[in-house]
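1 is the number of the first residue of the sequence shown in this note's numbering; add one for each residue after it.
Honestly, the hints are just simulated from the structure, not real lab data. This one's a predicted model, so the numbers in the text were calculated from it and none came from an experiment. Fair warning: there could be bad hints in the mix.
Stated by the list, open to error - When the alpha-carbon atoms are kept at most 20 Å apart in a straight line, the in silico DMTMM-like pairs for lysine to aspartate or glutamate are as follows:
#, residue 1, residue 2
1, 240, 430
2, 6, 191
3, 240, 427
4, 240, 433
5, 282, 305
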Amino acid sequence: VSVRTKIMGIVLALTGVLGVSITLQVRSMMSETLITELDNRGHAVVSDLAARSVGPILAHNPAALQELLQETITNHPDIRYVIVVDPAGHVLAHTFPEDVPADLLALRVSPTSHDESHIHYENYEGTIHDFQVPLVIEGLGAVRLGVAETRIQNVLDTVTQRLLLITLIVALIGILAAIFLTWLLTRPILDLVETTNQVRHGNLETRALHWTDDEIGQLADAFNQMISALQRSQETVAAKEEARTHLLSRLIEAQEDERKRIARDLHDDVGQALTSTLVQIKLLQQACSGENTLNALTRLRAVVDQTLTTVRLLSRQLRPSVLDDLGLAIALERYSNEFTHHYPTLTVDLHYDLTERLPGAVEISLYRIIQEAMTNVARHSGATVLSVLVTLRERHVQAIIEDNGRGFAVSETLRNKSSVGLHSMTERAELLDGNIQIESNADGTTIFIEIPLENAS
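Sequences are here, hints too, so could you generate the full structure?
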């Protein structure tokens, strides 16, 4: 629920509760006051009638008594009836169009000289207050007066309606005030939310506006300071990462250059020296005739020949010259053949679709990544089949290395700092803006490699 909705809900709830509470309180107080006033007025009127009715009764003038009762009814619209009874309870005069209702007479016992009371009952009009006062001359009878609350209830209903209308108007004003208040309060908050979303999406140039000099303004200032600090920190990290990447690139380049130099030295110098030694041994074999000497020279020649083979293999492993001369495809074929010879229990299935030479940096990096992946399969997976696929698609070179070995926990292995091979593969790909994905389970491991050719050098 938004802050705006909460504030409007609070305003409406407070306005409604206060309005209804005040309305009920005012209605209750007015009802009590008006009914008390009605009681006082009823007692006053019935007492006045008790005094004024004595003359017509003593004069045996029923017409004058009836006129007095009708005059009272006319002057007091709340009065519903007036009844004059003798001590025995017989009606002497009344204001009903016909006879007095029997149930009304049954409400009172026979009046006595000391009978003065006030009761109330309900009828179709609502509550009726019945007042009875004995005539001023004892033993002459009593006067009964019925007063209705109808006008009081009408007044109460009118006041209640007006109060509720006022409450509604105040509620509408409160809604307008709440809308303005929420706009005033939520405007900087919504700006902070928008700024937060911008930062979340990587835009550190955005800043929150300083709307007011209150706590929200202080929050905006603190948030801007945090963004500035985060921006500086990110720039520092980016600079360090760029320096690290540049250093790593230079190290790998220097390493490849050194491998190339050592491979060339091994091939040219050591290889030629060993070849020359073999020739000299062969000449010695031809010149010597002793059996022991010939056997010794034969063994020496075998050792030198094996050493020459090892040196040449080491030279190719350090930096295969075929990679520089003929490209990645032929270099992978040569390496696949040597790999199969070195690991005869592992079948290598190599496929490639390279219609053109790749940039040198891409070729050497992809060669080293595939070389490291194949070595890891042979040493750790226990696989019997290894598949390598290299293709060129839409200015991206892709490689897939797949085996049927026992697999490994990729995340745990990558977190392990001792797994230099996987980290080296990842760093080589990232240096060329490429990426590596490794999927592994009990049925084997698949490595996906993709390197863009744009800007590759």
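Evaluation of the provided hints:
| no. | hint | in the structure |
| --- | --- | --- |
| 1 | 240 <-> 430 | 16 Å, holds |
| 2 | 6 <-> 191 | 19 Å, holds |
| 3 | 240 <-> 427 | 16 Å, holds |
| 4 | 240 <-> 433 | 17 Å, holds |
| 5 | 282 <-> 305 | 12 Å, holds |
Every hint from the earlier list agrees with this structure, and none is contradicted.
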